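Novice: What follows is each chain in one-letter form.
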Amino acid sequence: MRKLKGIFLSFFLLGMLQLGAQGKLTIDQVYSVKLRNSGTIIEDEQIKGYFFFYQSDKIDKKTNEYTLRIVDENLAALKDIKFTDSKDIVLIEASYNGSSIVFLFYNDKENSLEYRLYGMNGKQLYSYTKILDKKSESYFKMIMSQNSSEESENQNIFDIPGKGFVSVTPLRESKKYTYDVNFYSSDKKKTWTYNPVEDGKLASAQYLGANDSIAVIEVVSKDKLMSKHSESTLLGINLENGRKVFEIRTQDGKNQLYPMNISTLGNSGEFLVIGPYYQGDESVTRDNSDGLGIWLMNNKGKIVRSKYVSWEKDLSKYLKVDQKGRVEDLGYIYFHKLMQTEDGRIFAIGEGYRRVADASGIALNVLTGSYSTGMTKLKITDMLMLELSPNFELNNARIFEKNANNFRFSTATDMGTPHALATVAKTYGYFDYSYTQMGKGKATFTSGYTDYEKSKEYKGMVFNAISYGDGKITTDRINLKSSASSTKLLPGKPGSVLLLEYFKKDKRLEVRMEKIN
Amino acid sequence: MTNCKSLLLFLSLFCLLLRLPAQQPGELPWLKPEPAKKQALLAAIESRYKKDVEELSGKHKKQLAEIFKERYEIVKTAIEGEETITDSRINAYLSSLVAEIFKANPSLPASEIRVLFSNDVVVNACSMGEGTILFNTGLFHRLKSESQAVFTICHELAHYLLDHGNNSIRSYVNTVYSDSFQKELKSIQQSEFKQNQQLISLAVNFTFRNRRHSRQHEAAADSMAVELMKNTGYNLQGALECLAILDSSAKMKYDSPLRLQERFNFSGQPFRKRWIDSDVMRFTSEDETAADSILADSLKTHPDCSTRIERLKPFIKARQQPGARDFKVSEATFKQLVQQFDYELLEHLFKKKEVSKCLFLTLQMLNTHPSDPYLHTMTGRCLNEIYRRQKAHELNRFVDLPADTYNAEYNQLLHLIQNLRLTEIAALSFYYLQQQEAGCAAYKPFGSVFEEAKKHFTN
Numbered sequence: 001m002r003k004l005k006g007i008f009l010s011f012f013l014l015g016m017l018q019l020g021a022q023g024k025l026t027i028d029q030v031y032s033v034k035l036r037n038s039g040t041i042i043e044d045e046q047i048k049g050y051f052f053f054y055q056s057d058k059i060d061k062k063t064n065e066y067t068l069r070i071v072d073e074n075l076a077a078l079k080d081i082k083f084t085d086s087k088d089i090v091l092i093e094a095s096y097n098g099s100s101i102v103f104l105f106y107n108d109k110e111n112s113l114e115y116r117l118y119g120m121n122g123k124q125l126y127s128y129t130k131i132l133d134k135k136s137e138s139y140f141k142m143i144m145s146q147n148s149s150e151e152s153e154n155q156n157i158f159d160i161p162g163k164g165f166v167s168v169t170p171l172r173e174s175k176k177y178t179y180d181v182n183f184y185s186s187d188k189k190k191t192w193t194y195n196p197v198e199d200g201k202l203a204s205a206q207y208l209g210a211n212d213s214i215a216v217i218e219v220v221s222k223d224k225l226m227s228k229h230s231e232s233t234l235l236g237i238n239l240e241n242g243r244k245v246f247e248i249r250t251q252d253g254k255n256q257l258y259p260m261n262i263s264t265l266g267n268s269g270e271f272l273v274i275g276p277y278y279q280g281d282e283s284v285t286r287d288n289s290d291g292l293g294i295w296l297m298n299n300k301g302k303i304v305r306s307k308y309v310s311w312e313k314d315l316s317k318y319l320k321v322d323q324k325g326r327v328e329d330l331g332y333i334y335f336h337k338l339m340q341t342e343d344g345r346i347f348a349i350g351e352g353y354r355r356v357a358d359a360s361g362i363a364l365n366v367l368t369g370s371y372s373t374g375m376t377k378l379k380i381t382d383m384l385m386l387e388l389s390p391n392f393e394l395n396n397a398r399i400f401e402k403n404a405n406n407f408r409f410s411t412a413t414d415m416g417t418p419h420a421l422a423t424v425a426k427t428y429g430y431f432d433y434s435y436t437q438m439g440k441g442k443a444t445f446t447s448g449y450t451d452y453e454k455s456k457e458y459k460g461m462v463f464n465a466i467s468y469g470d471g472k473i474t475t476d477r478i479n480l481k482s483s484a485s486s487t488k489l490l491p492g493k494p495g496s497v498l499l500l501e502y503f504k505k506d507k508r509l510e511v512r513m514e515k516i517n
Numbered sequence: 001m002t003n004c005k006s007l008l009l010f011l012s013l014f015c016l017l018l019r020l021p022a023q024q025p026g027e028l029p030w031l032k033p034e035p036a037k038k039q040a041l042l043a044a045i046e047s048r049y050k051k052d053v054e055e056l057s058g059k060h061k062k063q064l065a066e067i068f069k070e071r072y073e074i075v076k077t078a079i080e081g082e083e084t085i086t087d088s089r090i091n092a093y094l095s096s097l098v099a100e101i102f103k104a105n106p107s108l109p110a111s112e113i114r115v116l117f118s119n120d121v122v123v124n125a126c127s128m129g130e131g132t133i134l135f136n137t138g139l140f141h142r143l144k145s146e147s148q149a150v151f152t153i154c155h156e157l158a159h160y161l162l163d164h165g166n167n168s169i170r171s172y173v174n175t176v177y178s179d180s181f182q183k184e185l186k187s188i189q190q191s192e193f194k195q196n197q198q199l200i201s202l203a204v205n206f207t208f209r210n211r212r213h214s215r216q217h218e219a220a221a222d223s224m225a226v227e228l229m230k231n232t233g234y235n236l237q238g239a240l241e242c243l244a245i246l247d248s249s250a251k252m253k254y255d256s257p258l259r260l261q262e263r264f265n266f267s268g269q270p271f272r273k274r275w276i277d278s279d280v281m282r283f284t285s286e287d288e289t290a291a292d293s294i295l296a297d298s299l300k301t302h303p304d305c306s307t308r309i310e311r312l313k314p315f316i317k318a319r320q321q322p323g324a325r326d327f328k329v330s331e332a333t334f335k336q337l338v339q340q341f342d343y344e345l346l347e348h349l350f351k352k353k354e355v356s357k358c359l360f361l362t363l364q365m366l367n368t369h370p371s372d373p374y375l376h377t378m379t380g381r382c383l384n385e386i387y388r389r390q391k392a393h394e395l396n397r398f399v400d401l402p403a404d405t406y407n408a409e410y411n412q413l414l415h416l417i418q419n420l421r422l423t424e425i426a427a428l429s430f431y432y433l434q435q436q437e438a439g440c441a442a443y444k445p446f447g448s449v450f451e452e453a454k455k456h457f458t459n
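Line order of the protein sequences matches chains R and D.
Sequential numbering of the first sequence, starting at 1, is according to the numbering used here.
Sequential numbering of the second sequence, starting at 1, is according to the numbering used here.
If we strip away everything but chain R, and leave its shape as in the complex, we get (with noise of 0.2 Å):
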């Protein structure tokens, strides 16, 4: 601790030595340090602290003096490490397991992976390097330019309290796409990666979670890359040895489970599966889903028991719901987040969306002649929570208003399902949906989206807030039209948004947690 006084100390002393008239040096003018990026550190679905990758010196040609500085989920700085590396590593990602810290870096010129793992200390413990050839580093690159994530969640590497980390890395192979996951443990210097058995399909892997022996991974696979039909796989491995310990499609009877996330509450040989379903041959990418399925699976992959939820005989008790699927004023519902709370109740988080025709589009179309401009338009509605009751019963459907947003494409995607369009949209982050933050021990969550508003009262944007505890719904909003020039938000630690204001005259940056009501 008086090591880390000391090194605030010079910091310190650096900003004592910045009085200086024009015309002469100071020793600020001089230094310099450059922000590479920053991030959050991820435990359980829980932000618990944040990362600034600072480059702080320059070494020689090919090396880079850098500054790793951690501060924990209420921004009080804990460590800052130092290291030397090559000029050419970005800092991805970064999760916590509860005694061990691991940053996943990419070094662009060896085209590889470093996972870099660190004990509570702050000394190095293990170092796992993974080497991507071309064709998987520029499938690789652009997966993480897509960078759909939100910002609570991580996208590459996720935790396995006390044990490792596990991770999930997108691989191309000759003409096939593929993927491999990988262990990295904390306590002892080992690794396992699981390769899939190549049958000739492109598949794209998803990690949903793990128990307390077994990780799950959602495959999603097609023949071809234009192929409009697409399967998915569960696939459970071994957390010790990296054994495949099942794989199964996610088939029950005519129904396709689509799952969105693992809950592992309970009893630690099972674990429940939840996500949209699809009735026949249906594809997630293109079709509208049945309603929500649940099945509660034990460690060997068995369905123990198994629950459907749908959109036309459920929903509609509480809803007015066409043959369709499609709900009154919101159209087709895209889930963004499903969860299971400590005790027990399952929540689905969604937006409304359905696909108009764009006046615009069609008049300019006509009058340039030249129909080189989209007809239609998605149009994003109002957001909609439904809760289930332990017992995996429909209890509630809560629709909450906001502004619709309209989205435009180009002329092509007139010819695509609107469940295509919101694939598209999710992607390019046009739903109004901005996180789901779940509290500790799961007993709490805050789902957030932004709205437009335009009253009498106030005019600009606007966070709002759906939280559950103690068994209630609230809402809360936070007006982000502020006296300073520019307001950002970000998700903070669960309960908690971290609030950025500029403030241009001044040139200053207020950056403050605030509590969530």
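Since the hints were made in silico from the structure, they are not lab data.
Keep in mind that a hint or two might mislead.
Straight-line alpha carbon distances no greater than 35 Å define the calculated DSBU-like cross-link-like pairs of lysine-lysine that follow [stated by the list, open to error]: (1) Lys352/D - Lys504/R; (2) Lys123/R - Lys230/D; (3) Lys38/D - Lys230/D; (4) Lys335/D - Lys251/D.
What you are looking at is a predicted structure, and each value in this text was computed from that prediction instead of being measured.
With chain R held as given, fit chain D onto it using these hints.
Specialist: Chain D alone, transformed into the frame defined by chain R:
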């Protein structure tokens, strides 16, 4: 004889004026800011600043003027923001202590000196180097005798008389703007690699020198303070006692457990363990190496108080005078001010929007004064303010966020504030004040605070 008689009359009148009536803590004569005194102070510091700048000469005149301006702005802001106390009743007492020092040391430039109380919780006093000496109420309210207060003033006076502040500024400017330092900076700026490493090394060397001088300044000021004090008739042991108080400044005056689980447990709103739960990410402290220890010691501005005490002991022994006293001006006034500053600090923290600090000190004081209506009311005021600010999403402008660097008790309170939901804050304030209603009903401000808590609770 006549002269003597009138002097006695004057002294007894003066002492009467200084003797404050015994009061209940909740009925203190709160500080009265005096605009005329404030204007006079502002005029005095401005005139001194202008004079100091006019007298500047030499190669680095411009750079020195910049720093003098910054110093002037700091003092001006403290006076304008009413950090400094202008209440004439309180200043009269402080002036009488200063007068004792000047009376014993007639050659001192009394007209250049302004000793002021500063409403600041930090256990400290400082000499700004241009004649202003700020005596923090946070230090004064921990003292036990006038002799300790007089040592504090003498120590800061010594800094002024030895010109330590200005010498440090000149030394800084002469070093940083010297041809050799500038040449070194330019050479670092032009170097392609390891620029920052070279700069840190340069800065650390510079700081070592600077801090070494600073520690030497403290030792010199201690010695001179005893010299200034020795003819005042005050007990020189006050110097050692004062340093011992500074040595324990990390400990709060009313240091005691907050007992949050007992204090905020009501049948209508039982205390919930999750309110004080904390599972923040923590790093363990590293084993300190010998090099770290040397670095930390070399960067200290002040020598350790224990070292200062040992150094002063023989010096004081040689100068101790028989009949020296702990109190000369007024023991009663001293004690009343010590007590009043406990409360003034709370009021000041609340006004300065430092609500979590105010609540913390209030709860600690309640352990010593469990039936004080002011303290119960202040607890309610803080909780109501926390409710209002949280509702408006601006709470963290008014409270600190938890950090392990804080006192453990304070940190637990900060976790409580962070973990409470809006409705729970309203419930805590309401039930807390309801519990105190019988004992506080006669205290006028209690009613409106309780009314506000009721409104929040029933909302």
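Novice: Taking 35 Å as the top limit, are the C-alpha atoms of Lys335/D and Lys251/D close enough?
Specialist: Between Lys335/D and Lys251/D the Cα gap is close to 21 Å, so the pair holds against 35 Å.
Novice: Below or equal to 35 Å on CA atoms is what counts here, so check Lys352/D against Lys504/R.
Specialist: holds, 25 Å
Novice: For a C-alpha distance cap of 35 Å, please report whether Lys123/R and Lys230/D respect it.
Specialist: At roughly 55 Å apart (the allowed maximum being 35 Å), Lys230/D and Lys123/R break the hint.
Novice: Would the pair Lys38/D and Lys230/D pass a check requiring their Cα atoms to be no farther apart than 35 Å?
Specialist: With Cα atoms ~33 Å apart, Lys38/D and Lys230/D stay inside 35 Å; holds.
Comparing the model with each earlier hint shows a violation of hint 2 alone; every other hint is respected.
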